[in-house]
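Visitor: Chains L and S supply the protein sequences, listed in that same order.
Going by our numbering, 234 is the number at position 234 of the first sequence; the sequence numbering is gapless.
The number in our numbering is simply the position in the second sequence, starting from 1, with 481 added.
Treat the hints as calculated values from the structure; they're not laboratory data.
It is possible that part of the hints are untrue.
As the list claims (entries may be wrong) - Straight line, CA to CA, 27 Å or less: simulated DSSO-like cross-link-like pairs of lysine-lysine: (1) L:Lys-157 to L:Lys-99; (2) L:Lys-232 to L:Lys-460; (3) L:Lys-232 to S:Lys-657; (4) L:Lys-99 to L:Lys-87; (5) S:Lys-657 to L:Lys-460.
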Amino acid sequence: MQGGDLTVGTSGELVSFDPAKISGFGTLVHPLLAVYDTLLRLNADGTVRPNMAASMKPSTDFTMWTMQLNAGIRFSDGSVLDAAAVKANIDRHLDKSVKSQSASLLAGVTEMTIEDPTTITFHLSSPDVAFDSLFTLQPGLIAAPSTLVAGYDLDSKPIGAGPFVLQSWQRDSEMKLSRNTDYWQSGLPYLDTLTFRPVPDTLTRVSSLKSGDIQLSSFIDQTSIDSATDDKDLAVDAEYGNGGDVLFLNSRSGPLSDLRVRTALAQGLDLDAMNQVLFGGKMNVANGPFTTDSPYYVADNGYPTFDVSAAKAAIDAYQSETGQKVSLELAVNNVPDRIQLAQLLQSMWQAIDVEITITPLDPAEVSARFSSANFQIAVRNIPTFTEPEPLLSRWFYGSSPLNFSGLVSPQLDAAFDSGRTSSDSADRVSAYQEVSRQLATTLPVLWYAHGVRGYAHSVKLTLGPDNLQNVLWYEEIGFTS
Amino acid sequence: MTVSTTIGTRRAARPGRSVMTALRRRGGHLLAVLLLVSLGSFLMLDLLPGDPSYAILGDTATPEQVAALHHELNLDRALPVRYGMWLEDLVRGDLGHSYRTGQSTFDAVTERIPTTLELIIVSQLLALVLAVPAAIYAAYRRGRVFDRLAAGAAFGLISAPPFVLAVAFIFLFAVKFRLLPATGWTPLSDSLTGNARSVVLPAFALALSGPLPTYFRLLRSDMIDTLQQDYISMAKAKGLSDRYILARHALRPSSVSLVTLTGVQIGRMLGGTVVIETLFALPGLGRLITTSLAARDLIVLQGAVLFIAVACVLINTAVDLVYPILDPRVHHVGR
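Chain S on its own, in the form it takes in the complex (with noise of 0.2 Å):
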């Protein structure tokens, strides 16, 4: 992402000037990237083999069916003329019906992210609650038993992909102790018990194979930083317990860098639903963008990847919106 901010050299903007201005300049951006993402998508799934006819029409299709139904999906048209009438749609509001299943692409996307956004928030949640606590004290005691093992399991979590956690956990909590459902998805809406029995292993292999050790092993180093800074030798000379130090001086200008990876994450997540939504048999995005890959239902699959093109612009507007906040000398830029 990118983070247009100046440090200190600027007198500070009145907080909600700054966002307004900060809100204008990514309405641009999102449009922007939005024409780009769906351009560059446009054009990489024109390029994969395969025809969705076949999906449709099934095994027996003969080539003059196949021609016709290309005819009749627009699909013999050249790829602009296909773009430009996909923008047009979109502009009215119509992102298209799949290919396959008739299903309007709106509903398809909508129906399914609020599986993917709760299992991205426990996902986050579960990583940040676990590696802040666990990096401030490694950081205290730098050098020390906690901090070599706690390092050591990040290492080692940072090298794990999602699917061997995902397995690893399957086995362990879903056939060995029967603890846990192994597939399955409980709305919210239908059970909270159900809904939290069934996000709890799908979230924690999600968290546990980047964000977790990533988190962790940035703000490990950022805190040492910190703690070698002249104003945390004069808090201790003042006489300030180590864990007011801690917790007041240290972890909010040590959280800079954590906030910026905490949005980037989050569109690398998004990627990690796609293994994690299959094996564990969630209706989320990532299994809607696998199976409309498997059968090249492309509107679906553009519908898909322009949402998720919009989300990450969004949540790293709301990325850049909290940099004030926790820093008062950063502000953003007014142009």
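So here's chain L without its partners, still in its complex pose (with noise of 0.2 Å):
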């Protein structure tokens, strides 16, 4: 029904409202895309479809996109949303001084066209069958012009065309919305007014659910998503994504960069007691990033399977050979239950004569000690994605600043570029599985369980029937009562 005031409760602040800043489409930055929309949206099977932007086609060799814009779009100042305005936000993506955190996924635009006022041209490097898909991202969250201007404060100071405009912010407390009167969709969005309010403790968030103070909020872990549907008042939208923990091994040096090593480690791990230990049961279990309903999954993609004694013989034979102890560091972030894996993981690889030293670590230094390299052994997310070119590739491809692990595998890297430049889908499924059973058998790192996103909300709201894993549509959200 049209109306009606919705509290969200998020695991955290907003940074800025500028789409320079933001990373990622967690829930932390869902006020971003009730402000600004995007330009396309991504289905639950990977596709594109048609938002802002009313098309987006590639030329035959794929090295140049043109994209159609709706006409009559109006950013929340009136201003007209057209291909100049896309432009400018591209520009300032790429602009060096800003450092964008989108420029990595932007860097193969050599040069724009605006063809009309609704229509620009986007030229490339190389062929990428998947570029679309980047204006689903943060690269698609269009600000207005007049805010893109040294000196203003785009932090605070949103304008874009999405369904709601930004009322006040307090930090730490709350952000309120109201609706954009003029939004382009007409009869959106439901809500009068959309908060958004931070609680950062997730067992205060699950209360605040219950006790009605908030009335959505998103969870990635089991635990909570279980307290939230044993509410009646409550109901929970939760699925395994693709991605999920994994243990990253830097292969460029030490132990590590011999493959027995690795192979061994994946050996090592009982998955079932990891399973029972420390998910309750309920893990699911991850041969690769893909979850079993992928078109991308194989089941039998060569991941190694447990057994103690090839393990066990794997690190004895390269003792000898060395005639070192394979002795290593695991970092894990300094939270109980990464804690709880490390010991579990450190027990496991003992029986296989492998000596673990944890580290833990606080959240701030994961990033250096990732980036200069400064680790053997550390447990990471690899946030859930639909589409794998970037949001998989960027782990994994040789060049890639974030591959972590070092590994270097002209194969893998092959089945990347091949699922980025094929336009026939059969071809990129194949291209995608191969990277499955490349991971899978070169080991950059070691998968266990894909991980779980859920929305727990009141049962008096709906979500909408387009909402993803990781990304709500505001406009499409209302109450039923």
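Put the two chains together into one complex, using the hints given.
Guide: Here it is as structure tokens:
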């Protein structure tokens, strides 16, 4: 129904409304979706659908993409969202002085041509069949050009063409948005107001949902989802997604540069025990980046199975060959569930004669340690993704800055290249299945669990038909009564 | 805190002169403490692992980008140089801007002060209003049922960390009975009742987890000592009522330690707000410190620590000024 005030609990505070300062589309950046909307949108099957852009068509060789914008879309200050506005935003992402977190996503753009007020063509340095999917992410958030000038406070005074307009924002307290009466989709949004309230403690956030203080929140841990499921006044939409928790193995030097050691570590993982001890039997076991319902999933991709004897034999062979005991450091975030995981891994790998030293890290230290390759084994989450390019490839492509493992595999790079450049869907499926096989056999990371993401919300709320695991379209959300 | 007092051996100073002397002396203390605190926190923050560059540039930052940002933020300079630059800006009234959000540190701190201030004031009032009568009655009925029960409860509360009480309160009063909100903050300027509803649970959690049982135990003990003094026996012999003796003859001399502790507790409560504000999702200084620390937003963190240092010195100065009012035998040393 039309109307209503929704309060959404988030796990933290938004840093900025500047599209250049955000990464990912987790719930922390949902206010940007509500204020800016996106040029294109992603379907659950990975295909792209029109939104503020009516179409986006490639040239035959996929080195040029032409975007046609819907006519008549206006920012909330009355100015027009046209091709020039899109170009101004993308130019800003590419401006090195801005330090945009999306710059690497758009690195292939060599030139932009404005064909007419609603048409813009992107020229790429190499073919990219999934280039359109970038505009379902951060580059698809378009701010009014008047806010992109030096000196304007884009951090806290956004002007977009999305379904809501920022009314007030007290950091760490509440951000209030109201309906954009000139929203380009008639009849939407349903809600009158939308409030984001950061509630960092997960337990308190569940309690706030149960008490009715907030009516919607996302969770990425099974315990919270179970707790919300038990409440008859709450509905839960939860599912496992591609990606998940992994153990990055730094293969640049030392024992982990030897595939036998990496394979032995994989063979030493008792995933059933891990499932029971850490996940209460609800772990969605992973053998690679893709879940079983993904077209790219391969059941027998070669990922090592639990085999203590084989693992121990491999470690023994390595030790007698090198004369060195395999002793490794395991770096984890300094939070209870990660420490518990580390202790379990330590005991499992002790059984195959691998000595593990656990190093708890403050979250702020994690990125620095990863980027400087100052780790041996580290637990990290690969966020849920639908389209593998670029959200999967950036972690494993040989020359990617996020290739933390340091493993460079020409076969793996070729498979990613094939997936990115092939226009035939069957070829793309084949390419990403090869990615799955390559990852399972070269082992830059050890896979064990796919990530879960769930939205828990009041039963009086409907989320709309098109929401994805990590994205909510707030104009579609409404109360049933 | 330090209390520079002498008792009875000097001629009582005039109150106005005493206050001015104390203020002059405290002004010097304040400057010295601020310098020491700012230097100490600068050194400690420098020892923290992690790099604010990644909070700004994201995970995709290359070493070259990180190095360029270090240069831009002066993070590549030596610690004494950075400290000197920060002090220079401070003298000009510029506390810098957040590395992450670009917000001015002064704004970030000052917009959160009202929430933390209100939380601490309400917690202190709750603690005093509940602890003082309970302690007087327990001392008056020493060894009886109420005294034993109250002492047991105080012992239990003083052992309970704030987060345990906070979670228990949220479950009982927000989830189970739905009487009060679990999270969120309504400013006093928006709604009096809304503000009262949002402050009750966090204030009780903060008060019960430290100040209340501490005040109770201290005041009870002091009252028991005072009630054994000769002048109390004299008052009883004169036929004064117990209520009058407790209120007029026993409470005032027993309160000196309580007032001292109240000042000290405010400093400790500022620490407690870090947990309480995070659990109840309140936009206060404690929450600012938590988020700034996690993101290594050192400039904001430094500003918040500086504010807390100033607040602690000012509060303890105020406490010192109250002594002569409570007990005329106490006056400040005018040196």
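Visitor: So which of those numbered hints doesn't the model satisfy?
Guide: Violated hints: none; all satisfied.
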